[in-house]
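First to last, the sequence lines map onto chains A and B.
So the first sequence is residues 1 to 161, counted in our numbering.
So the second sequence is residues 1 to 395, counted in our numbering.
FYI, nobody ran anything at the bench for these hints, they're computed from the structure.
No residue lacks a Cβ here, since even glycine has one placed at the ideal position from N, Cα and C.
Each hint should be verified, as a subset may be incorrect.
[Stated by the list, open to error] Ranges between beta-carbon positions, derived for each pair:
id: 1; chain 1: B; residue 1: E22; chain 2: A; residue 2: V133; range: 55 to 61 Å
id: 2; chain 1: A; residue 1: S2; chain 2: B; residue 2: E323; range: 18 to 24 Å
id: 3; chain 1: A; residue 1: V44; chain 2: B; residue 2: E72; range: 42 to 48 Å
id: 4; chain 1: B; residue 1: D336; chain 2: A; residue 2: A93; range: 52 to 58 Å
id: 5; chain 1: A; residue 1: E3; chain 2: B; residue 2: R27; range: 40 to 46 Å
id: 6; chain 1: B; residue 1: E69; chain 2: A; residue 2: S98; range: 39 to 45 Å
id: 7; chain 1: A; residue 1: V44; chain 2: B; residue 2: P14; range: 54 to 60 Å
id: 8; chain 1: A; residue 1: V44; chain 2: B; residue 2: R315; range: 27 to 33 Å
id: 9; chain 1: A; residue 1: E65; chain 2: B; residue 2: P14; range: 56 to 62 Å
id: 10; chain 1: B; residue 1: E69; chain 2: A; residue 2: D110; range: 56 to 62 Å
id: 11; chain 1: B; residue 1: A45; chain 2: A; residue 2: R11; range: 22 to 28 Å
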Amino acid sequence: MSEREVLELLRENARYDTADIARMTDLEESEVEAAIEALEAVGVIRGYQPVVDWDRLEDERVRAEVELNVTLDRETGYDDIAERLARFPQVTALRLVSGDYDFDMEVEGDSIREVSQFISEKVAPVPEITQTVTHYIMTSYKEQGIELGDGEDDDRLSVSP
Amino acid sequence: MTLEPADRVQAVGPSGIRRFFEIAEERDDVISLGVGEPDFSTPWAARDAAIQSLEHGRTSYTANRGMRELREAISTYVADRFALEYGADEEILVTAGASEAVDLAFRAFVDPGEKVAIAQPSYISYEPGVIFAGGEVVPVPTDEADDFRLTVDALEDAGAADAELLVLCYPNNPTGAVMSRADLEPIAEFVRDNDLAVLSDEIYAELTFDDDFDSNHGGSAKHTSIATLPSMRERTIVFNGFSKAHAMTGLRLGYALGPAEAIAAMNRIHQYGMLSAPTTAQYAALEALDSCADDVATMVSQYDRRRRFVLSRFREIGMPCFEAKGAFYVFPEVPDGWMANEFAEELLHEEGVAVVPGDVFGVGGEGHLRVSYATGLEELREALARIERFVAEHA
Chain A
1 MSEREVLELL RENARYDTAD IARMTDLEES EVEAAIEALE AVGVIRGYQP VVDWDRLEDE
61 RVRAEVELNV TLDRETGYDD IAERLARFPQ VTALRLVSGD YDFDMEVEGD SIREVSQFIS
121 EKVAPVPEIT QTVTHYIMTS YKEQGIELGD GEDDDRLSVS P
Chain B
1 MTLEPADRVQ AVGPSGIRRF FEIAEERDDV ISLGVGEPDF STPWAARDAA IQSLEHGRTS
61 YTANRGMREL REAISTYVAD RFALEYGADE EILVTAGASE AVDLAFRAFV DPGEKVAIAQ
121 PSYISYEPGV IFAGGEVVPV PTDEADDFRL TVDALEDAGA ADAELLVLCY PNNPTGAVMS
181 RADLEPIAEF VRDNDLAVLS DEIYAELTFD DDFDSNHGGS AKHTSIATLP SMRERTIVFN
241 GFSKAHAMTG LRLGYALGPA EAIAAMNRIH QYGMLSAPTT AQYAALEALD SCADDVATMV
301 SQYDRRRRFV LSRFREIGMP CFEAKGAFYV FPEVPDGWMA NEFAEELLHE EGVAVVPGDV
361 FGVGGEGHLR VSYATGLEEL REALARIERF VAEHA
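Construct the complete structure from the given sequences, taking the supplied hints into account.
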C-alpha cells in the first residue's frame with residue numbers, strides 16, 4: 001500500500017519533497033519517486049495546485065457554485081454536456097451529482113459581472129441546459145481539506161513534563 | 001517561622017524542566033520540541049459532551065470512584081484494547097489525571113523508609129512522589145544498548161530486590177521505549193520471586209507504533225501490559241488516562257486499575273483529598289471512549305509519520321537515536337563533548353529550539369535529549385534544520 005501512503009502525504013502537502021516522504025514512510029527515496037511516477041502515469045495524480053485563500057488577496061476573485069439541470073435526448077448524454085462545459089477555462093470544477101440538480105459546476109472570474117456574463121452568455125444557452133442556479137461564494141472556510149482561518153495559537157507550555 | 005516546609009518537601013528541588021521553560025518563555029521565536037502533550041485538539045464529540053453536561057447542569061460531585069457509566073466504559077475499553085479485565089464496581093478508580101492516580105498509589109502503598117525501584121530515565125514526577133510519601137527511591141537505569149528496555153540484570157545490580165514497589169512506564173516518557181511481552185516476562189518473574197508490587201504507568205499505551213510488535217495476547221492494540229502476565233494482576237496497579245491518546249491534558253482525567261483491596265486503599269485517600277474527579281471531564285471521557293476511536297487512530301497515524309521523519313533526520317544529522325516505538329518522543333544522543341543540558345541550553349539560545357536534556361529524567365538520561373514530535377511537520381522540519389545547522393557549526 002505504499003502508493004496509497006505516498007498519495008495521502010501528497011494530498012496533505014504536495015510540496016513535501018521525495019526525501020521527506022521517504023523519511024515518513026520508511027521507503028527508499030527511489031521507491032517514492034517510482035510511486036509518484038506510476039501514479040502520474042496512470043492518471044491518478046492529475047496535477048498539483050496550491051490551496052489558495054482568495055480572501056487574503058487584494059485582487060478581487062469571484063467564485064460561484066452553479067447548479068445545472070439538463071435534459072437528455074437520444075443523441076446527447078451527460079458526458080457530452082460535461083465535455084462541452086469543461087472546456088471553458090472559467091469552469092474550475094464540474095461534477096455530475098445526485099439529487100435536485102444534475103451538475104455541480106464551480107466557476108471563477110475577476111468580477112461578479114464577468115461570472116454572470118459567462119453563465120448567461122455561455123452556459124445558459126447550451127440547448128440541453130434547462131435551468132441554472134448560481135450561488136456566489138461569500139467566504140471560504142475550508143478548501144481541499146485545509147482550513148483557511150488564522151488557526152489556533154499554540155498555547156501549550158513551551159516545555160512540559 | 002510557622003510555615004516551615006516539611007523536610008520531605010524541602011528534599012525535592014524544582015524540576016529540571018522548569019529552567020528551560022523559563023528561558024523558552026522569554027523568546028517569541030522558539031520552536032518547542034519540549035512539549036509533553038498532544039498538539040491536536042480534543043475530539044469534537046468529547047468537547048460537545050463536556051459542553052452538554054454543563055448545559056444540563058451536571059456539575060455535582062460524582063461517586064468517589066467516578067461515574068458508574070464511565071467505569072463501565074473503561075472496563076470494556078481496557079478489556080478490548082489491552083486484554084485487561086477489571087470490574088467497574090471495585091477495581092477501577094477514576095482520578096484527576098493519571099498523575100493523581102500515581103500520587104495516590106505512592107501514598108497508599110509506601111510506608112516511610114520503604115524502597116521504591118524506578119526504571120529510569122522516567123517521567124519526572126515519580127521520584128518526588130515517592131519522596132513526598134516518605135519512601136526511598138532506588139533508581140534502576142536502563143541502557144541504550146538494550147533500547148532503554150528494563151532488564152533483570154539492571155534490577156539486580158540496583159538492588160531492586162529489596163524494594164517494595166517497582167515503577168514502570170512503557171511506552172516510556174522520555175525515551176519512547178516499549179516493552180514486548182517477551183521483554184516483560186523475565187521482569188515479571190523477578191517481581192514474583194522477590195515479592196514486589198508493580199505500578200505500571202501505561203498512559204501512552206495507545207501510542208505504540210511497532211508494526212512487528214508481538215500481539216498483546218487478547219486485546220486489539222499492540223501494547224502489552226505487565227498486568228496480563230501470569231500472577232501479575234494481583235500485584236499490579238495500572239495507570240492510564242485521556243491526556244495523551246485522546247488529547248485531553250487540560251481536562252485532567254485518568255484512572256487506576258487494580259485488585260479491589262488496593263483500589264479501595266487508594267480510594268480512601270482520594271475520597272478525602274479529591275472527593276471525585278471533575279464531573280465535566282468525566283462526561284467528556286465517556287464520550288471519548290464511546291465515539292472517538294477514529295480520532296485516536298488518525299492522531300496515532302500522524303504521530304507515526306512524524307516519528308519516522310524525526311528519527312530519520314537525527315540519523316542524517318549524525319546524532320544517533322535508537323528506534324523509539326512508543327509515546328511521542330525520541331531520545332537522541334548529544335554529540336561528543338557535550339553535556340545534555342549544555343547542548344540544550346546553547347541550542348535554545350542560538351537557534352531558538354527548545355528540547356529537554358535527558359538527565360532531568362534520572363539515571364541513564366545524561367548524554368541524551370528528549371525531543372517531542374507532538375508538533376506539526378512544518379515546524380519539525382524547520383526545527384531539525386536548525387539543529388542540523390547548530391551541530392554542523394559546533395562539530
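Here is how each hint holds up against the structure:
no., hint, result
1, B:E22 - A:V133: 55 to 61 Å, "holds (60 Å)"
2, A:S2 - B:E323: 18 to 24 Å, "holds (20 Å)"
3, A:V44 - B:E72: 42 to 48 Å, "holds (46 Å)"
4, B:D336 - A:A93: 52 to 58 Å, "holds (56 Å)"
5, A:E3 - B:R27: 40 to 46 Å, "holds (42 Å)"
6, B:E69 - A:S98: 39 to 45 Å, "holds (40 Å)"
7, A:V44 - B:P14: 54 to 60 Å, "holds (56 Å)"
8, A:V44 - B:R315: 27 to 33 Å, "holds (32 Å)"
9, A:E65 - B:P14: 56 to 62 Å, "holds (58 Å)"
10, B:E69 - A:D110: 56 to 62 Å, "holds (58 Å)"
11, B:A45 - A:R11: 22 to 28 Å, "holds (24 Å)"
Checked against the numbered hints given earlier, this structure breaks none of them.
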